[in-house]
Amino acid sequence: MKQKQQINIEELGFHEKLQHELSGYPIKTIQDNDSVTVRHIKDPYFLVNNIWNADFLKIIPQFKEMTEIYKAHRWNVRFQINSPTVNLELKYMWYQKLFNDEWTLRSVFCGEAIQLLRLTTFLNEKYSTLHSLLDLNIEKTEREWWFWLQEQGISMQRVASTLRGEYIRKSHAACFLRKVHSAFFALTDTREEWKKDRWDIRVLHDKYGVVYNKSKTGYYIDFTKVEQGKMREQIKKYIKQRLLSKNKFSWSTAQNYLTCLPSFVSFIFSLEPSWTDLKRVDRSRIEQYI
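All the letters of the sequence shown, read from the start, carry residue numbers 1 to 290 under UniProt numbering.
Simulated from the structure, these hints should not be mistaken for laboratory data.
A quick note: this is a predicted structure, and the numbers were derived from the prediction, not measured.
Cβ atoms here follow ideal geometry from the backbone N, Cα and C, with glycine treated the same way.
Be aware that a few hints might be false.
Stated by the list, open to error - In silico lysine to aspartate or glutamate, DMTMM-like type, Cα no more than 20 Å apart, as pairs:
#1 Lys179 to Glu233
#2 Lys225 to Asp282
#3 Lys240 to Glu193
#4 Lys196 to Glu65
#5 Lys140 to Glu151
#6 Lys64 to Glu102
#7 Lys195 to Glu151
#8 Lys58 to Asp43
#9 Lys17 to Asp135
#10 Lys97 to Asp55
#11 Lys42 to Asp32
#12 Lys64 to Asp32
#13 Lys214 to Asp101
#14 Lys179 to Glu139
#15 Lys42 to Glu68
#16 Lys28 to Glu16
#17 Lys248 to Glu227
#18 Lys28 to Glu65
Claimed, not checked - Label pairs and their computed distance ranges (CB to CB):
#19 Arg39 to Thr104: 18 to 28 Å
#20 Gly13 to Trp146: 27 to 37 Å
#21 Arg285 to Phe14: 38 to 48 Å
#22 Ser171 to Gly13: 10 to 20 Å
#23 Ile27 to Thr121: 33 to 43 Å
#24 Glu16 to Arg39: 15 to 25 Å
#25 Lys246 to Ala72: 47 to 57 Å
#26 Asp32 to Ser252: 14 to 24 Å
#27 Lys17 to Asn82: 16 to 26 Å
#28 Lys17 to Ser284: 46 to 56 Å
#29 Val38 to Gly13: 24 to 34 Å
#30 Trp103 to Arg158: 17 to 27 Å
#31 Asp135 to Glu68: 52 to 62 Å
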(Lines of atoms letter the chains of each structure in order from A; the text may use other names.)
(Lines give C-alpha, C1' and ligand atoms only; values in the text may rest on other atoms or scores of the structure.)
Protein backbone atom coordinates (compact mmCIF):
# COMPACT_ATOMS: atom_id res chain seq x y z
CA MET A 1 0.00 0.00 0.00
CA LYS A 2 1.40 3.37 -1.08
CA GLN A 3 1.97 5.72 1.83
CA LYS A 4 1.24 9.44 1.59
CA GLN A 5 4.39 11.53 1.84
CA GLN A 6 4.18 13.95 4.75
CA ILE A 7 5.75 17.37 4.21
CA ASN A 8 7.79 18.76 7.09
CA ILE A 9 7.11 22.49 6.74
CA GLU A 10 10.08 23.41 8.95
CA GLU A 11 12.48 21.74 6.51
CA LEU A 12 11.26 23.78 3.54
CA GLY A 13 13.16 26.82 2.31
CA PHE A 14 11.74 30.34 2.65
CA HIS A 15 10.09 30.54 -0.76
CA GLU A 16 9.14 26.87 -0.71
CA LYS A 17 7.03 27.60 2.38
CA LEU A 18 5.21 30.33 0.49
CA GLN A 19 4.61 27.95 -2.41
CA HIS A 20 3.31 25.30 -0.04
CA GLU A 21 0.79 27.69 1.52
CA LEU A 22 -0.36 28.98 -1.88
CA SER A 23 -0.97 25.42 -3.09
CA GLY A 24 -4.36 25.40 -1.34
CA TYR A 25 -6.82 27.59 0.48
CA PRO A 26 -9.08 27.48 3.56
CA ILE A 27 -12.85 27.08 3.40
CA LYS A 28 -14.56 28.63 6.41
CA THR A 29 -18.01 27.60 7.62
CA ILE A 30 -19.96 29.30 10.42
CA GLN A 31 -21.88 26.72 12.45
CA ASP A 32 -25.29 27.19 14.12
CA ASN A 33 -23.56 27.93 17.43
CA ASP A 34 -21.48 30.69 15.73
CA SER A 35 -18.27 28.67 15.90
CA VAL A 36 -16.12 28.64 12.76
CA THR A 37 -14.79 25.45 11.19
CA VAL A 38 -11.95 25.59 8.69
CA ARG A 39 -11.25 22.97 6.02
CA HIS A 40 -8.18 23.17 3.78
CA ILE A 41 -8.62 22.49 0.06
CA LYS A 42 -5.67 21.41 -2.08
CA ASP A 43 -5.91 23.54 -5.21
CA PRO A 44 -2.90 25.43 -6.65
CA TYR A 45 -4.99 28.12 -8.40
CA PHE A 46 -3.37 30.99 -6.49
CA LEU A 47 0.12 29.55 -6.95
CA VAL A 48 0.16 28.68 -10.66
CA ASN A 49 -1.92 31.54 -12.08
CA ASN A 50 -0.39 34.98 -12.60
CA ILE A 51 -3.84 36.44 -13.23
CA TRP A 52 -6.45 35.92 -10.51
CA ASN A 53 -10.08 36.42 -11.48
CA ALA A 54 -12.80 37.29 -8.98
CA ASP A 55 -15.12 34.73 -10.60
CA PHE A 56 -12.98 31.92 -9.16
CA LEU A 57 -13.91 33.03 -5.65
CA LYS A 58 -17.54 32.08 -6.24
CA ILE A 59 -16.66 28.44 -5.48
CA ILE A 60 -15.25 29.41 -2.06
CA PRO A 61 -18.16 29.66 0.42
CA GLN A 62 -16.91 32.64 2.44
CA PHE A 63 -16.61 34.73 -0.75
CA LYS A 64 -19.73 33.56 -2.59
CA GLU A 65 -22.04 36.31 -1.34
CA MET A 66 -19.36 38.98 -1.81
CA THR A 67 -18.74 38.04 -5.44
CA GLU A 68 -22.47 38.04 -6.17
CA ILE A 69 -22.76 41.69 -5.13
CA TYR A 70 -19.35 42.76 -6.50
CA LYS A 71 -20.04 45.41 -9.14
CA ALA A 72 -16.61 46.91 -9.88
CA HIS A 73 -15.35 46.98 -13.46
CA ARG A 74 -12.05 45.28 -12.62
CA TRP A 75 -12.21 41.52 -12.03
CA ASN A 76 -8.54 40.60 -12.44
CA VAL A 77 -5.37 41.20 -10.45
CA ARG A 78 -2.13 40.60 -12.36
CA PHE A 79 1.18 39.34 -10.97
CA GLN A 80 3.74 40.08 -13.68
CA ILE A 81 6.98 40.92 -11.88
CA ASN A 82 10.06 39.65 -13.74
CA SER A 83 11.63 38.15 -10.63
CA PRO A 84 9.74 34.87 -9.99
CA THR A 85 10.51 34.95 -6.26
CA VAL A 86 9.30 38.53 -5.80
CA ASN A 87 6.23 37.67 -7.88
CA LEU A 88 5.61 34.77 -5.49
CA GLU A 89 5.98 37.09 -2.48
CA LEU A 90 3.39 39.51 -3.87
CA LYS A 91 0.99 36.63 -4.51
CA TYR A 92 1.50 35.43 -0.94
CA MET A 93 0.79 38.88 0.48
CA TRP A 94 -2.37 39.27 -1.66
CA TYR A 95 -3.52 35.78 -0.65
CA GLN A 96 -3.10 36.56 3.05
CA LYS A 97 -4.92 39.89 2.77
CA LEU A 98 -7.80 38.16 0.97
CA PHE A 99 -8.19 35.08 3.16
CA ASN A 100 -7.67 36.94 6.43
CA ASP A 101 -10.46 39.35 5.45
CA GLU A 102 -8.14 42.35 5.64
CA TRP A 103 -8.98 43.57 2.14
CA THR A 104 -12.34 43.77 0.44
CA LEU A 105 -12.78 42.39 -3.08
CA ARG A 106 -12.67 45.97 -4.33
CA SER A 107 -9.25 46.39 -2.71
CA VAL A 108 -7.97 43.06 -4.05
CA PHE A 109 -9.08 43.59 -7.64
CA CYS A 110 -9.32 47.39 -7.95
CA GLY A 111 -7.64 49.81 -5.55
CA GLU A 112 -4.58 47.79 -4.56
CA ALA A 113 -4.42 46.04 -7.95
CA ILE A 114 -4.00 49.39 -9.72
CA GLN A 115 -1.10 50.26 -7.43
CA LEU A 116 0.39 46.80 -8.05
CA LEU A 117 0.49 47.52 -11.80
CA ARG A 118 2.57 50.63 -11.07
CA LEU A 119 4.83 48.80 -8.64
CA THR A 120 5.32 46.01 -11.19
CA THR A 121 6.52 48.49 -13.82
CA PHE A 122 8.84 50.15 -11.29
CA LEU A 123 10.39 46.89 -10.05
CA ASN A 124 10.79 45.50 -13.57
CA GLU A 125 12.61 48.69 -14.59
CA LYS A 126 14.75 49.23 -11.51
CA TYR A 127 15.04 45.85 -9.73
CA SER A 128 14.48 43.15 -12.34
CA THR A 129 16.90 40.72 -10.64
CA LEU A 130 15.73 41.33 -7.05
CA HIS A 131 15.50 38.06 -5.12
CA SER A 132 13.21 39.21 -2.30
CA LEU A 133 11.34 42.30 -1.16
CA LEU A 134 13.16 41.84 2.14
CA ASP A 135 16.47 42.52 0.37
CA LEU A 136 15.45 46.09 -0.43
CA ASN A 137 17.00 49.03 1.36
CA ILE A 138 13.50 50.38 1.90
CA GLU A 139 14.59 53.94 2.73
CA LYS A 140 16.62 54.26 -0.49
CA THR A 141 14.10 52.38 -2.63
CA GLU A 142 11.18 54.42 -1.35
CA ARG A 143 12.93 57.62 -2.41
CA GLU A 144 13.46 56.09 -5.87
CA TRP A 145 9.79 55.09 -5.92
CA TRP A 146 8.69 58.63 -5.13
CA PHE A 147 10.94 60.07 -7.85
CA TRP A 148 9.63 57.49 -10.32
CA LEU A 149 6.00 58.35 -9.46
CA GLN A 150 6.71 62.03 -10.02
CA GLU A 151 8.23 61.20 -13.42
CA GLN A 152 5.00 59.37 -14.29
CA GLY A 153 2.94 62.41 -13.27
CA ILE A 154 1.35 60.54 -10.35
CA SER A 155 0.36 62.65 -7.36
CA MET A 156 2.47 62.26 -4.24
CA GLN A 157 0.06 63.98 -1.87
CA ARG A 158 -3.61 64.13 -1.13
CA VAL A 159 -5.79 66.41 0.89
CA ALA A 160 -7.45 64.81 3.93
CA SER A 161 -10.46 66.54 5.41
CA THR A 162 -11.76 66.85 8.94
CA LEU A 163 -14.71 68.84 10.22
CA ARG A 164 -12.29 71.58 11.24
CA GLY A 165 -10.41 71.81 7.97
CA GLU A 166 -7.99 70.08 5.65
CA TYR A 167 -4.43 68.80 5.89
CA ILE A 168 -1.94 67.26 3.47
CA ARG A 169 -0.84 63.63 3.66
CA LYS A 170 0.93 61.17 1.35
CA SER A 171 -1.12 59.72 -1.47
CA HIS A 172 -2.05 56.04 -1.70
CA ALA A 173 0.53 55.59 -4.47
CA ALA A 174 3.31 57.24 -2.44
CA CYS A 175 2.67 54.93 0.53
CA PHE A 176 2.21 51.74 -1.48
CA LEU A 177 5.80 50.45 -1.72
CA ARG A 178 6.39 50.74 2.03
CA LYS A 179 2.92 49.33 2.69
CA VAL A 180 3.74 46.23 0.64
CA HIS A 181 7.22 45.87 2.14
CA SER A 182 5.92 46.24 5.72
CA ALA A 183 3.03 43.84 5.12
CA PHE A 184 5.27 41.14 3.68
CA PHE A 185 7.82 41.57 6.46
CA ALA A 186 5.03 41.26 9.04
CA LEU A 187 3.68 38.09 7.42
CA THR A 188 7.09 36.41 7.50
CA ASP A 189 8.30 37.83 10.83
CA THR A 190 9.24 35.04 13.27
CA ARG A 191 9.88 37.26 16.31
CA GLU A 192 7.88 37.06 19.54
CA GLU A 193 4.38 38.35 18.82
CA TRP A 194 4.51 41.50 20.98
CA LYS A 195 7.67 42.67 19.16
CA LYS A 196 6.05 42.45 15.74
CA ASP A 197 4.31 45.33 13.99
CA ARG A 198 1.34 43.08 13.22
CA TRP A 199 -0.28 41.01 15.97
CA ASP A 200 -2.32 37.85 15.45
CA ILE A 201 -4.97 37.40 18.16
CA ARG A 202 -4.87 33.62 17.72
CA VAL A 203 -1.22 33.63 18.81
CA LEU A 204 -1.89 36.04 21.68
CA HIS A 205 -4.81 33.88 22.81
CA ASP A 206 -2.77 30.67 22.81
CA LYS A 207 0.29 32.18 24.53
CA TYR A 208 -1.17 34.83 26.83
CA GLY A 209 -4.86 34.05 27.17
CA VAL A 210 -6.07 37.19 25.39
CA VAL A 211 -9.78 36.60 24.76
CA TYR A 212 -11.45 37.18 21.38
CA ASN A 213 -14.65 36.34 19.53
CA LYS A 214 -13.84 33.24 17.47
CA SER A 215 -16.85 33.70 15.19
CA LYS A 216 -15.32 36.89 13.81
CA THR A 217 -12.43 36.89 11.34
CA GLY A 218 -10.61 40.08 12.33
CA TYR A 219 -7.50 38.26 13.55
CA TYR A 220 -4.97 41.06 13.17
CA ILE A 221 -3.93 44.47 14.41
CA ASP A 222 -1.55 46.21 12.01
CA PHE A 223 0.64 48.86 13.63
CA THR A 224 2.43 49.70 10.37
CA LYS A 225 -0.49 52.03 9.69
CA VAL A 226 1.16 54.33 12.24
CA GLU A 227 3.88 55.79 10.03
CA GLN A 228 5.89 57.46 12.83
CA GLY A 229 8.18 54.73 14.20
CA LYS A 230 8.57 56.01 17.78
CA MET A 231 4.85 56.60 18.13
CA ARG A 232 4.18 53.12 16.77
CA GLU A 233 6.27 51.58 19.56
CA GLN A 234 4.55 53.68 22.22
CA ILE A 235 1.11 52.68 20.95
CA LYS A 236 2.14 49.00 20.87
CA LYS A 237 3.34 49.23 24.47
CA TYR A 238 0.08 50.85 25.58
CA ILE A 239 -2.16 48.34 23.75
CA LYS A 240 -0.12 45.42 25.14
CA GLN A 241 -0.50 46.67 28.71
CA ARG A 242 -4.24 47.17 28.31
CA LEU A 243 -4.81 43.74 26.76
CA LEU A 244 -2.83 41.94 29.46
CA SER A 245 -4.54 43.86 32.26
CA LYS A 246 -7.93 42.53 31.01
CA ASN A 247 -9.54 45.60 32.55
CA LYS A 248 -12.46 46.35 30.24
CA PHE A 249 -10.21 46.43 27.19
CA SER A 250 -11.06 43.84 24.56
CA TRP A 251 -9.43 42.80 21.30
CA SER A 252 -12.21 44.55 19.36
CA THR A 253 -11.52 47.73 21.37
CA ALA A 254 -7.85 47.51 20.42
CA GLN A 255 -8.86 47.12 16.76
CA ASN A 256 -11.07 50.20 17.04
CA TYR A 257 -8.13 52.16 18.45
CA LEU A 258 -6.02 51.19 15.44
CA THR A 259 -8.80 52.30 13.12
CA CYS A 260 -8.71 55.84 14.50
CA LEU A 261 -5.19 56.42 15.83
CA PRO A 262 -3.12 56.31 12.59
CA SER A 263 -4.96 59.22 10.96
CA PHE A 264 -4.89 61.21 14.22
CA VAL A 265 -1.15 60.66 14.65
CA SER A 266 -0.51 61.59 11.00
CA PHE A 267 -2.53 64.77 11.46
CA ILE A 268 -0.67 65.83 14.62
CA PHE A 269 2.76 65.14 13.11
CA SER A 270 1.84 67.02 9.94
CA LEU A 271 1.38 70.05 12.22
CA GLU A 272 4.33 69.29 14.52
CA PRO A 273 6.92 67.25 12.57
CA SER A 274 9.61 67.70 15.26
CA TRP A 275 7.55 66.00 17.99
CA THR A 276 8.42 62.47 19.11
CA ASP A 277 5.33 61.82 21.25
CA LEU A 278 1.86 63.19 21.96
CA LYS A 279 2.53 64.63 25.41
CA ARG A 280 2.05 68.21 24.19
CA VAL A 281 -1.23 67.60 22.39
CA ASP A 282 -3.75 70.08 23.74
CA ARG A 283 -7.47 70.61 23.36
CA SER A 284 -7.09 72.97 20.41
CA ARG A 285 -5.16 70.34 18.40
CA ILE A 286 -7.79 67.72 19.15
CA GLU A 287 -10.55 70.13 18.13
CA GLN A 288 -8.69 70.87 14.89
CA TYR A 289 -8.69 67.16 14.09
CA ILE A 290 -12.30 66.57 15.07
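Verification of the hints:
With a C-alpha separation of about 17 Å, the suggested pairing of Lys179 with Glu233 holds against the 20 Å cut-off. With a CA separation close to 23 Å, the supplied pair Lys225 and Asp282 exceeds the 20 Å bound. Restraint check for Lys240 and Glu193: the C-alpha separation of about 10 Å stays at or below 20 Å, so the hint holds. For the proposed pair Lys196 and Glu65, the alpha carbon gap of about 33 Å is over 20 Å, so the pair is violated.
Only pairs whose Cα atoms come within 20 Å are accepted, and Lys140 paired with Glu151 is accepted, the gap being roughly 17 Å. A distance of roughly 17 Å separates the Cα atoms of Lys64 and Glu102; the hinted pair therefore holds under the 20 Å criterion. For the hint linking Lys195 to Glu151, the alpha-carbon distance of about 37 Å lies beyond 20 Å, and the restraint is violated. Between Lys58 and Asp43, the direct Cα distance comes to roughly 14 Å. Compliance with the 20 Å bound is thereby established for this hinted pair.
For the hint linking Lys17 to Asp135, the alpha-carbon distance of about 18 Å falls within 20 Å, and the restraint holds. With a C-alpha separation of about 18 Å, the suggested pair Lys97 and Asp55 falls inside the 20 Å cut-off, and the hint holds. Proposed proximity of Lys42 and Asp32 is contradicted: the alpha carbons are some 26 Å apart, above 20 Å. Restraint check for Lys64 and Asp32: the C-alpha separation of about 19 Å stays at or below 20 Å, so the hint holds.
The suggested pairing of Lys214 with Asp101 holds, with an alpha-carbon distance near 14 Å, which does not exceed 20 Å. Among the hinted pairs, Lys179 with Glu139 is consistent with the structure: their alpha-carbon atoms are about 13 Å apart, no more than 20 Å. Proposed proximity of Lys42 and Glu68 is contradicted: the alpha carbons are some 24 Å apart, above 20 Å. Restraint check for Lys28 and Glu16: not satisfied, since their Cα atoms lie roughly 25 Å apart, outside the 20 Å limit.
For the suggested pair Lys248 and Glu227, the alpha carbons sit about 28 Å apart, so the restraint of at most 20 Å is broken. For the hint linking Lys28 to Glu65, the alpha-carbon distance of about 13 Å falls within 20 Å, and the restraint holds. Between Arg39 and Thr104 the C-beta distance comes to about 23 Å, which sits within the given range of 18 to 28 Å. The hinted range of 27 to 37 Å is satisfied by Gly13 and Trp146, whose Cβ atoms lie roughly 33 Å apart.
The hinted window of 38 to 48 Å between Arg285 and Phe14 holds, with their beta carbons roughly 44 Å apart. As the Cβ distance of Ser171 to Gly13 is approximately 37 Å, the hint placing it in 10 to 20 Å is violated. For Ile27 paired with Thr121, a C-beta distance near 35 Å keeps the hint of 33 to 43 Å intact. Separation of Glu16 from Arg39 is about 24 Å and conforms to the stated range, judged on CB atoms against 15 to 25 Å.
The beta-carbon spacing between Lys246 and Ala72, approximately 42 Å, falls outside the hinted interval of 47 to 57 Å. The supplied range of 14 to 24 Å is met by Asp32 and Ser252, whose beta-carbon atoms lie about 23 Å from each other. Hint check: Lys17 to Asn82, Cβ distance near 22 Å, so the stated range 16 to 26 Å holds. In this structure the supplied range 46 to 56 Å holds for Lys17 paired with Ser284, their Cβ-Cβ distance being about 51 Å.
One distance hint, 24 to 34 Å for the beta-carbon pair Val38 and Gly13, holds here, with the actual separation near 26 Å. Roughly 20 Å separates the CB atoms of Trp103 and Arg158, a value that falls within the hinted 17 to 27 Å. At about 41 Å, the beta-carbon gap between Asp135 and Glu68 misses the expected band of 52 to 62 Å.
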